[in-house]
Amino acid sequence: SAVISQKPSRDICQRGTSLTIQCQVDSQVTMMFWYRQQPGQSLTLIATANQGSEATYESGFVIDKFPISRPNLTFSTLTVSNMSPEDSSIYLCSVSNKGYEQYFGPGTRLTVT
Amino acid sequence: AQSVTQLGSHVSVSEGALVLLRCNYSSSVPPYLFWYVQYPNQGLQLLLKYTSAATLVKGINGFEAEFKKSETSFHLTKPSAHMSDAAEYFCAVSDASGNTPLVFGKGTRLSVIA
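Going down the list, the protein sequences come from chains A and B.
In this text, residue positions in the first sequence follow the numbering used here: the first is 1, and each later residue adds one.
In this text, residue positions in the second sequence follow the numbering used here: the first is 1001, and each later residue adds one.
Incorrect hints may appear among the rest.
To be verified - The calculated SDA-like cross-link candidates involving lysine to any residue, where the alpha carbons are at most 25 Å apart (straight line), are:
no.	chain 1	residue 1	chain 2	residue 2
1	B	K1049	B	A1114
2	B	K1058	A	S1
3	A	K7	B	P1030
4	B	K1106	A	E58
5	B	K1106	B	P1079
6	B	K1106	B	V1019
7	B	K1106	A	Q41
8	B	K1049	B	P1030
9	B	K1106	A	S9
10	B	K1106	A	D87
Stated by the list, open to error - Just some of the chain A residues that point at chain B, by a computed CB distance under 10 Å:
no.	residue
11	Y35
12	T77
13	I90
By construction, these hints were calculated from the structure, which means they are not laboratory data.
Quick reminder that beta carbons are idealized off the backbone N, C-alpha and C, glycines included.
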């Protein structure tokens, strides 16, 4: 399994600002994913981030709102841009090495006021 | 397209009673199936996985699940509930390529009553 850390663990942000969330893995991984978990809901995939290529976004999510970087095989960032209260969620990073299972970070709890 | 349906958004059992959390899947290709647990204010932890080997899969914390192709089910069970099992449980599916991200069910909240 992989050990995944996320920063920040939580934040309270003002409407209209942006927040960048970092995801660090203790080993090289092929695939990284970003999920959103709205209060009391399940996980929704935002995008798949592969090193050396642009992220692949799911329907309903766009690069201008959620830009993602994947500079190497152990690190990725997700930015939530021009935030509104509807962006208040838990954002989770997960990784997979084609072992089929995905391992998850502890999440970033974002509140937008 | 793949999907999972978890029957029951909230299940409540007494301590020591059987835990049964239901998951049905839909997949046009052989699926790989997973159960994850999420404790309050934490990320997701893998409980167990089915990847086309044995149909009865044993996981951590005494949980197990049985893959039944005829019923397209992958229900999670534990013979005797413990207070520490109270959490949110998610069933997830992917295909056998290893290239696609997991698709999650809506989750089932398990409460354990003393």
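Okay, which hints does this one fail, numbers in order? 1, 3, 12
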